[in-house]
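**Student:** Start from the sequences, fold in the hints, and give me the full structure.
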Amino acid sequence: MKNALKTLSFFRNVVFLKWASQIVFLVGLLYIIWSYIQNAVVNLEQTNIAFSWGWLGETPGVSIAEGMYTLPNSGRQMIQVGMLNMLRVTVTGIFAATFLGTFLGIARLSKNYIVEKTSTGLLEVVRNVPLLVQIFFFQAFVLTFPRLEVFDVGTYNLHVSAKGIAFPWFNRQPTAYLFWVYLIAILILANKIYKWRVQILEREGRETRPFLWSFGIFFGLLVAGWYGGYRVMGVIGFLAGYISTGVDLLPAIFYQILFSSIAVFIGYRSTKKFIDSKKSEEAQGIYSDDDYFKIILNVIVVLLVVVLMFSSVGLGLSNFLVGDELVFKADWGVPQFFDGVNNKLYWNPEAKIVLDAQLDGMKRADIIDWIAVPGTEVTKGDVIARATAKDLKGDLNQEISIYAKYTGVIEEVFVSKGDTVKINEKTYDIRVTDSKPLELSRPRIEQIGTTKFKKYADGFGKSLSVGYFAIWLGVVLYTAIFISEVVRAGIMAVSKGQSEAGLSLGLGRGALLRLIVLPQAIRVMLPPMGNQYLNLAKNTSLGIAVAYPEIVAVGQTLYNQEGQTLPVFLIWMAFYSTVSLTISTIINYYNRKMKIVER
Amino acid sequence: MVDLIKKNAKSLQESLFSSVGSAALTIATTYLVINFFRGMLGFALTSDKDWLAVLNNMQLYMVQAYPEEDFIRVWLSVGLTFVLAGLSIGIWRSDDRVKSSQVFNSFFKGGLGVLFFTIIAPTNSSFMGNDGSVITEEVFSMETRLGILIPVAIFCVIFFSIRFININFTVNSSDMVFFYLFIPVALLWFIKLPTIQLDQNNERIIPDPVMPIADTTKIPWTVIFVSFLASYFIGMYLKNIKSIKSIMSLSWFLLPLLIFSWIFKKPQIDMSVVLGSDLPIFGAFLLWGFLVITFVNNSIFKKYYSTYLGLTFLLTLVGVFSGLPMLAKTCLLLIALFSVVVPAVSTSSQGKRSLLIVWAVALVTLTFLLRGGASDTGIVVPGSSIFGGFSLTWLLAIFGTYVSFPLGVLLALGRNSKLPIIRIVCTGIIELTRSVPYITWLFFASVTLAVFLPAGVEFNLIVRVLMVTAFFSGAYFAENIRGGLQSIPKGQYEAADAIGMSPFQKISLIIMPQALRAVIPTLVSSAITAFKDSSLVTIIGLFDFLTIGKTVIGNQSIPVNFVGHDRENLIFVAIVYWIFTFTLSRRSMKVEKKLGLGER
Amino acid sequence: MSIIQTKDVKKWFGDFQALKGISMDVAEGEVLVICGPSGSGKSTFIRCINRLEQHQEGQIIVDGIELTNDLKNIEAIRSEVGMVFQSFNLFPHLTVMQNITLAQIWVRKKNRAEAEEKAMELLERVGIPEQAQKFPGQLSGGQQQRVAIARALAMEPKIMLFDEPTSALDPEMIKEVLDVMKELAQSGMTMIVVTHEMGFAKEVADRVMLFDEGQLVEENTPEEFFNNPESDRTKLFLSQIL
Ligand SMILES: Nc1ncnc2c1ncn2[C@@H]1O[C@H](COP(=O)(O)OP(=O)(O)O)[C@@H](O)[C@H]1O
Ligand SMILES: [Mg+2]
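Top line first, the protein sequences correspond to chains E, S and G.
Going by numbering that gives the first Met the number 0, 31 is the number at position 32 of the first sequence; the sequence numbering is gapless.
Going by numbering that gives the first Met the number 0, 379 is the number at position 380 of the second sequence; the sequence numbering is gapless.
Going by numbering that gives the first Met the number 0, 62 is the number at position 63 of the third sequence; the sequence numbering is gapless.
Don't read these hints as lab results, they were simulated from the structure.
Keep in mind that a hint or two might mislead.
To be verified - Pairwise CB distance ranges, derived in the manner of DEER restraints: (1) F503/S - A64/E: 47 to 57 Å; (2) K108/S - T69/E: 48 to 58 Å; (3) Q137/G - I519/S: 17 to 27 Å.
Unchecked claim - Lysine-lysine pairs mimicking BS3-like chemistry, simulated, CA-CA at most 25 Å apart: (4) K293/E - K489/S; (5) K9/G - K19/G; (6) K417/S - K17/E; (7) K589/S - K116/E; (8) K9/G - K17/E; (9) K461/E - K116/E; (10) K116/E - K6/S; (11) K157/G - K108/G; (12) K351/S - K19/G; (13) K495/E - K592/S; (14) K592/S - K238/S; (15) K417/S - K110/E; (16) K109/G - K505/S; (17) K98/S - K592/S; (18) K6/G - K71/G; (19) K9/G - K277/E; (20) K505/S - K71/G; (21) K278/E - K19/G; (22) K592/S - K17/E; (23) K505/S - K108/G; (24) K278/E - K293/E; (25) K293/E - K351/S; (26) K592/S - K244/S; (27) K5/S - K116/E; (28) K489/S - K17/E; (29) K116/E - K592/S; (30) K9/S - K108/S; (31) K116/E - K9/S; (32) K117/G - K157/G; (33) K133/G - K505/S.
Glycine residues also receive a C-beta, built at the ideal position from the N, C-alpha and C atoms.
**Tutor:** Pasting the structure below:
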């Protein structure tokens, strides 16, 4: 009893010590951070480049080698191009790497000595050489091909030059994305129909031919879609257009308030839930020190978010959303596609119409007699203009493609693309045509203007710039190798008994892999696979080394212009965190789904 | 012999041609592989490649523009590393033995490999000229092919048939290291790699008699090899000294610091200062340490131990702010810390002895570092960076790991802590650091970091990069170590609590040793990643190994024009990186197996 | 004079109340056996006694020291109370000898020679001196548990807590551990033992307690407890376990 009655001095109190030490730690940390920020403020003042977001709205005055806009009109747009370029590599890369990696992983488990050794050899080479060296090598590989200028103008099947690699590809009509949406929609529909038929089968015990049904409907809709039906999806562009216009129109303060209130709401909700749970009969409203901390922390975080949203950081991030047109607007906000259902086209009276027909070997056909007046309504088959081609080489018997370009208030968009026709007369009509969403076309080399320089023509086949090729191949191969390890480990984690059970049921090796082993292996594979995707996304930043304008390269160009290194760094951080978070959310979603299936 | 071939043929047939599909796969893959190697060989041998671009720039590759008269420092560093390695191999010499048949078999296989490449090498190969035309030329004549084929075939036959004569002996696997290293060193004396020289018209000539590049390096390498071998024997001899292993570990730990100061600094040693101030200070503190070690567990002294400790710390505090020489200040700090550790270790006479050795080594190193390293005179290198090439790559990799590992341990502990504020802060640091690619952090180091430093404080870009790298790989290490921490059952914490350990003791004696052991494989692969990632500094303009190959030599036009030969150099760079990472990962796999990881 | 005293001890895990007011006394040298169905709070209670868990209401006084948030008191009590776990919790990276000497050297600040001497003495007492240089992974369950007892004893505790020390063991190993515990009880050690070994309780215990749903249902001498229990809950429990 000797100590029991004494009052406890606070420096021996565990709870006091616990919190006191943490608060000292926090205060120390904040002091250090604060002093560094103070340094930054002083230093920036001296160099006359105060932290600002103004450059987001200003014209940067530099061009970008490739991407959505090559001459961006604002810092914001430039960054958007960088983001899209990064996503282009990341998304296609993830699919390619997964495919290749799975293939290699299975090859490494092959009983065939040569196949196994070859894939292991590839693994050991790629894994043990720095990615940057590999990317440089791919770049050097392409760069040592002759310059594009030594080649003749014309159409090729596969073409490699120091400018990049070009190969035949499905040429995307402006409406192609609608077709993809349509395809996904009817795939989901077919899946639903399949399940519905199976349900009937199980309930009523009669043959309902679920596969035939779903496939028949899918095929029918596919054909209908191919011949124009897909344009019903235009409603998406219509909606997206309005949404993005709306997002633009609201002032920055709206977003600051919006995000702050969301934070307040979430904070309030979770705190209330927590307090309510403490009110239950059993818990009797007893709070430990950690519980109090939890509540205080909630309040602090909410306050911090609010303060941050109204500081210059929050203002900048809100500014990022408003004012200038958003990237997806050009692609999505195209009301005329909606009307395209009737093959009718309303020309915006304010629109500037530029018709541009191009001939090989000459700069452009001389245009043009207008048949239709801008602002009037045209239908399919109507002639809107008449062009006269002047052939510089005197040979008219060649391919010609004619574009009608439409420049609206929003952005430059194709209205329709004329057929590629053989002509032997000098004058031809430009009509509104109905084109397929995807068309296989071959790459083509053309002259840039009247200069001696050449380029791969836009809209013909696909040309990969050297940078894109190098970074894409680099990250895909590198990630695929690591994925192959994940796949191999995943497959080996499935116990031998499972394979033996499968084999004893008479399954073949392929069926065994597909039906028994892979579904179980995927469960083990998903988390490390997600890690590899995150690595891939981060590795795309090496594009800067081969002049591929992704977000880091673009950011660097921008701060070299404006001197605003800190805001650029914040944008990098926000962007990469968002991408990482998205990837891990998707992976987690599938992970959970897999686990539920297990039960 | 016939049986053997028959048996092999049978198993080959089973693995390659068990079914039609398998056979098709075998043929297709073989075709692909052979064509790939043919293509590579053809690529390497065409006359538009200039491999002398690689060979003639070895010095650039290794040390960039490090002054030639100071090369001895580099050689000494390399030599010291090898001596330590030799000692370690000797001390930790395993008893694994390799059978002679295994050795012969590996020779036989190596020979087969050479045969394979000689046979498939293309006679003619083509490359694309600048005008887009395809130029075909003979790259591998029949005479050359036969000239290689015949001797190698004989070599193969010898080592294949040797297994039928009963030669049976075994070799210690550690000894083999020396054999494999002996070959390249010996080759330096025989193989002549020509150096390009220019004549009056600036035309390239290869002088006659050939001036081998190896001439400048063969003597140092031979000396190093001999000392390596000698230290191996010394190591075996020292094996039985009790505390030798901890001394070796400590030396490995100190080596980078030593080399760092050695290579960066060019001390001007003033003998009068050394004799007048350094030596007395050194002696005094050695004595102090000796007294503490001897008497700390003496029952009388024990009573006053806390008073002694308090006085020492007070003295240190006063001393640090007084006008004492730097060496004395640092020694004071060191003895104060040392005094805290001593009572626990200095319990047996053997512990006392090893403590004394540790203390002496620490003092010697400290004196050396302060006198040699802290002097203002540094090595002067033309250009912005202090040095470059492979040395820089090595420096970044080793120091990156060196600094980031402890940081990773701390962050992992913080993230696993029961204290919520610390946990949140550490989680935040780890996640924020990891969310952004390394290259953005490098840009942060090269352009943004300076903004945050107080006015007047400036760090060399290399140092800034090291700071950022410490955080970046620290965050990755932290995640790995956290994995290990989570694999430790709760009972271990409770058992440590129940026997009354303090939190610090609990972590350092019970939890960390187990956690680290569980994650050695991931830690090694993280370290390998850090080594590979060091190549990224190329992008921010440091002259690392890759930059030399890609940019420096690729743009070199004087004295010899090597513009446009970056593919050869990139391949060389890739091969060097490959050798290091591959050996490292293989070694770690072996060590892992030896430690019997995974089994508790 | 009671060495352990608890008054109305309550403990919650979040919403769930694991201890609903436990009051009891343990005299010096007494052997107390606690039994009760799984989940009834036995472990939670004895873990509160050396503060591996923290109680939220009530008082626990061990050897005159009240368990509060006082750092010094916690340290003092930890070194007076030894604990043996169901799952042994030996340190797998250390040898048996190191397991036993570790805390002596680092907590009790003994020198190594003394610590090793003490360790050997204890290993002999628990009957496995020949295993000193092995790692825990190389021992059988019964041997491991005996090492765990030796490890706890090395701290020279006044009180020993046992949380189901035999329930992870095979029948033939149970005996060897119980023998060690009996010997310990006879030497006059104060012990609280959570166990379902009723033979042990009958033979060694001075008192037996039954826990149910966080409450102390019955407290009795072994004879009374087994032959003539007061509460119906005890009868039910005994009928299930015997
Ligand atoms: N750390 C914990 N968190 C939440 N509930 C716990 C925790 N430890 C124990 N419990 C709960 O407290 C109750 C009592 O547990 P315990 O004392 O281990 O029971 P016994 O040892 O009698 O089997 C159980 O219902 C258990 O689920
Ligand atoms: Mg229990």
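**Student:** Look at each hint and say if it fits the structure.
**Tutor:** Hint check:
F503/S and A64/E have their C-beta atoms about 56 Å apart, which keeps the hinted 47 to 57 Å range intact. As the Cβ distance of K108/S to T69/E is approximately 55 Å, the hint placing it in 48 to 58 Å holds. Taking the beta carbon of each, Q137/G and I519/S are about 21 Å apart, inside 17 to 27 Å as hinted. At roughly 24 Å between alpha-carbon atoms, K293/E and K489/S fall within 25 Å of each other, so this suggested pair holds.
Distance restraint check for K9/G and K19/G: the Cα-Cα separation of roughly 5 Å lies within the 25 Å cut-off, and the hinted pair is therefore satisfied. With a C-alpha separation of about 10 Å, the suggested pairing of K417/S with K17/E holds against the 25 Å cut-off. Restraint check for K589/S and K116/E: the C-alpha separation of about 20 Å stays at or below 25 Å, so the hint holds. Between K9/G and K17/E, the direct Cα distance comes to roughly 23 Å. Compliance with the 25 Å bound is thereby established for this hinted pair.
Of the pairs offered as hints, the one joining K461/E and K116/E is violated, with about 35 Å between alpha carbons and a cut-off of 25 Å exceeded. For the hint pairing K116/E with K6/S, the CA-to-CA distance comes to about 21 Å; that is within 25 Å, so the pair holds. Restraint check for K157/G and K108/G: satisfied, since their Cα atoms lie roughly 19 Å apart, inside the 25 Å limit. Pair hint K351/S plus K19/G does not hold up; C-alpha atoms about 54 Å apart against a cutoff of 25 Å.
Annotation: proposed proximity of K495/E to K592/S holds, straight-line Cα distance about 23 Å (limit 25 Å). Only pairs whose Cα atoms come within 25 Å are accepted, and K592/S paired with K238/S is accepted, the gap being roughly 23 Å. A distance of roughly 50 Å separates the Cα atoms of K417/S and K110/E; the hinted pair therefore is violated under the 25 Å criterion. For the hint pairing K109/G with K505/S, the CA-to-CA distance comes to about 18 Å; that is within 25 Å, so the pair holds.
Taken as a hint, the K98/S and K592/S pair is honoured in the structure, with Cα atoms around 20 Å apart against an allowance of 25 Å. Our distance criterion of 25 Å between C-alpha atoms is met by K6/G and K71/G, whose separation comes to about 21 Å. Restraint check for K9/G and K277/E: the C-alpha separation of about 16 Å stays at or below 25 Å, so the hint holds. A distance of roughly 17 Å separates the Cα atoms of K505/S and K71/G; the hinted pair therefore holds under the 25 Å criterion.
A hinted pair counts as satisfied when its Cα atoms are at most 25 Å apart, and K278/E with K19/G qualifies at roughly 18 Å. Of the pairs offered as hints, the one joining K592/S and K17/E is violated, with about 42 Å between alpha carbons and a cut-off of 25 Å exceeded. Distance restraint check for K505/S and K108/G: the Cα-Cα separation of roughly 15 Å lies within the 25 Å cut-off, and the hinted pair is therefore satisfied. Restraint check for K278/E and K293/E: satisfied, since their Cα atoms lie roughly 16 Å apart, inside the 25 Å limit.
Proximity of K293/E to K351/S is assessed by CA-CA distance (about 50 Å); at most 25 Å being required, the pair is judged violated. Our distance criterion of 25 Å between C-alpha atoms is met by K592/S and K244/S, whose separation comes to about 21 Å. For a cut-off of 25 Å, the pair hint linking K5/S to K116/E stands: about 22 Å separates their Cα positions. The straight-line distance between the Cα atoms of K489/S and K17/E is roughly 21 Å, inside the 25 Å bound, and the hint therefore holds.
The straight-line distance between the Cα atoms of K116/E and K592/S is roughly 22 Å, inside the 25 Å bound, and the hint therefore holds. For the suggested pair K9/S and K108/S, the alpha carbons sit about 19 Å apart, so the restraint of at most 25 Å is met. As the CA atoms of K116/E and K9/S are separated by approximately 19 Å, the hinted pair is consistent with the 25 Å bound. Using a Cα cut-off of 25 Å, the hinted pair K117/G and K157/G holds, with the two alpha carbons roughly 17 Å apart.
In summary, the hint linking K133/G to K505/S is supported, as the alpha carbons are separated by about 22 Å, within the 25 Å threshold.
The structure does not agree with the numbered hints 9, 12, 15, 22, 25 stated previously, though it agrees with the rest.
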